[in-house]
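Those sequence lines, one after another, are chains R and X. Going by the numbering used here, the first sequence opens with residue 1, and the numbers climb by one from there. Going by the numbering used here, the second sequence opens with residue 1, and the numbers climb by one from there.
Each hint should be verified, as a subset may be incorrect.
Below are the BS3-like pairs computed for lysine-lysine, each with C-alpha atoms no more than 27 Å apart in a straight line [stated by the list, open to error]: (1) X:28 to X:2; (2) X:124 to X:28; (3) R:14 to X:38; (4) R:5 to R:182; (5) X:237 to R:44; (6) X:2 to R:10; (7) R:5 to X:223; (8) R:119 to R:182; (9) R:10 to X:225; (10) R:255 to R:44; (11) R:14 to X:225; (12) X:128 to X:61; (13) R:44 to R:207; (14) R:251 to R:44; (15) R:10 to X:237; (16) R:5 to X:225; (17) R:37 to R:14; (18) R:28 to R:44.
No lab work stands behind these hints, which were simulated from the structure alone.
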Amino acid sequence: MQHSKTLYEKGLLKNLKMLTQRQYSNFKFVARLDQIKTFYTGIKALNFENNGKFQISEEGLRVTVEEGNCVQANLYMTATCFAEFHVVDTVTFGLNMNIISECLGLFAGIPCSLKMFYKGNGAPLVLVLRPNDEPDISAECSIKTTNVDEVIDYNLDEDSASLNVVFIRGPALASLIQELNKAADELRITLSPRTPHFKIESLGVMKTETFVEVAKTSDMIMLFNCRETTSACYRNTEMRMTHKALAAATKVAIKTDASGLLEMHFMMQSEEQAEVYVQFYIMPLADI
Amino acid sequence: MKFRAMMQDPEYMREFLYIIQTLSKLAKACVMKISMDKVYFVANEESGSTAPLVWVEIDPKQYFAEYTMQGVDSENDPHIVLNIPTLNLGTALSLLRNNPSYCKLKLTNLQFPCLTVDIDAATKSSDKSRRAMHHVPVDVIPRCDWPHFAVPTIPECKLVLNVPSNRLIRGLIDKIKNLSPTIIFYATSAGEMNLVAETDMATITTRYQNLELHTINPSDGDKSKEHIEASCSVDCKKTALFFSALQIPSTELSCGIADDRLIHLEVNVRDGVTIHSKLPAVCI
């Protein structure tokens, strides 16, 4: 924050706490992205709740957002996605998702590079944005970080006999969900080795029902691995939280088992072809 | 009292439509002041609203192919001052989008005073053109009230810099307004401008470098300094509204800063057509 420091000396900035990161040394976390587009899309997909938790380790970056105890969303970016990635041990901090999302969008629609710095407990996360074809313009944002609690670990039992896995093309699933009744309260997702192989039903207040069935031979299904019939209901407001991620996904994986816990993976094709994906865990509604 | 003007250049006509649309996004009614050598449109929403004060200056001799006016006071500085509903005028002019061959503006008196808009535009379905005439009711402001409708003066600013590509600055301020209520413009005579926003949660500074210096008016205390600086904090929503209302795809914006007093934004549409706005300073 070399530049912001001069502004502080002029009296234009008042909060010195936000400008503690003067030297380049002693950083707990430094990362550089040549293109922020994928990262920005990922952050926007998670922006349904304000409290975001950043966990950074040698392997990469994980951002977690939870809504009550019912929905958990994770953005995973491996270290290879970054042009530069340096972290000391494991770093965790909390951040307001809305603010980071607005900051990343400062130069909306223009190709931009990003540098992130974090100096450790209590220090802000500093973002430096530079539009690629406007060398004379740059932005520095420092965002207050908070301490965070542990996040809940959701897990589907990989060895479970009832584990069902389906891979679907992203745009196809997005248009399918679009056609369902948006005012519906609940969505029932059924996966089965017999017909209907994959079925989404929407149940509305007025007992209105719409449903879509997809056969496993359909073009949109990339992989279909079902052993037992599973069926569970999910709250539509919670399913809607996945829409931004779904709109940006090239490929979606849906996993569930007899417990009904729904795991969805949204793969985002990044420019460098490296793995970037958003993962959602959604708890089922109890069957009454 | 007489006023007639005609435009023939399709580009000028489209621009004229954009100007009126810009005004209609800012205020319900605008004041049109017609004199021999200038035509002004002033959009000044009542105090208390977030809309900024915006005025447009047009040199009629360059802009209109034909221009005649006879003001009330024909001896010295004859004027006509009208109050026009911007939305109605915008609708009347909307035909200017489809390749018009001419557009005439005329002050008429039907049962009440009207600004008559007469447009001859091409139709898509046939090669014949169609002619549309709209009468937009206006209020003629009597001479005794003119002092209340004076055109704002261009303020003297300590530093005026030319900022390129207002597309970038529009998006920027639009995002910042969601985070902070005020924004500080800080510029130096070295051609640097900073937009600074600070809240409890975040600090955002955006830096523009190598900007072209337009004017400089150093105060007495500043003359000995190497770099002259100026800064002013303004309402972020007001600033954002000016940029989002701007319908004209222009490339250059000049930004004048008068220390802790105001910011003067000026968009030069072409020679003789300028859009101005004044943003008052706010205390943090």
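Against the structure, the hints come out as follows:
1. X:28 to X:2: Satisfied, since the Cα-Cα distance of roughly 25 Å is no more than 27 Å.
2. X:124 to X:28: violated, 32 Å
3. R:14 to X:38: It is violated: about 45 Å lies between the C-alpha atoms, which goes past 27 Å.
4. R:5 to R:182: violated, 49 Å
5. X:237 to R:44: At roughly 23 Å apart (the allowed maximum being 27 Å), residue 44 (chain R) and residue 237 (chain X) satisfy the hint.
6. X:2 to R:10: violated, 56 Å
7. R:5 to X:223: holds, 25 Å
8. R:119 to R:182: violated, 44 Å
9. R:10 to X:225: holds, 14 Å
10. R:255 to R:44: With Cα atoms ~23 Å apart, residue 255 (chain R) and residue 44 (chain R) stay inside 27 Å; holds.
11. R:14 to X:225: holds, 24 Å
12. X:128 to X:61: Outside the cut-off at roughly 31 Å; violated.
13. R:44 to R:207: Since the Cα atoms of residue 44 (chain R) and residue 207 (chain R) sit roughly 33 Å apart, the hinted pair is violated (cutoff 27 Å).
14. R:251 to R:44: The given pair, whose Cα atoms are some 18 Å apart, holds under the 27 Å limit.
15. R:10 to X:237: Cα-Cα ~25 Å, so holds.
16. R:5 to X:225: It holds: about 20 Å lies between the C-alpha atoms, which stays within 27 Å.
17. R:37 to R:14: violated, 32 Å
18. R:28 to R:44: holds, 25 Å
Violated hints for the displayed structure, listed by number in ascending order: 2, 3, 4, 6, 8, 12, 13, 17.
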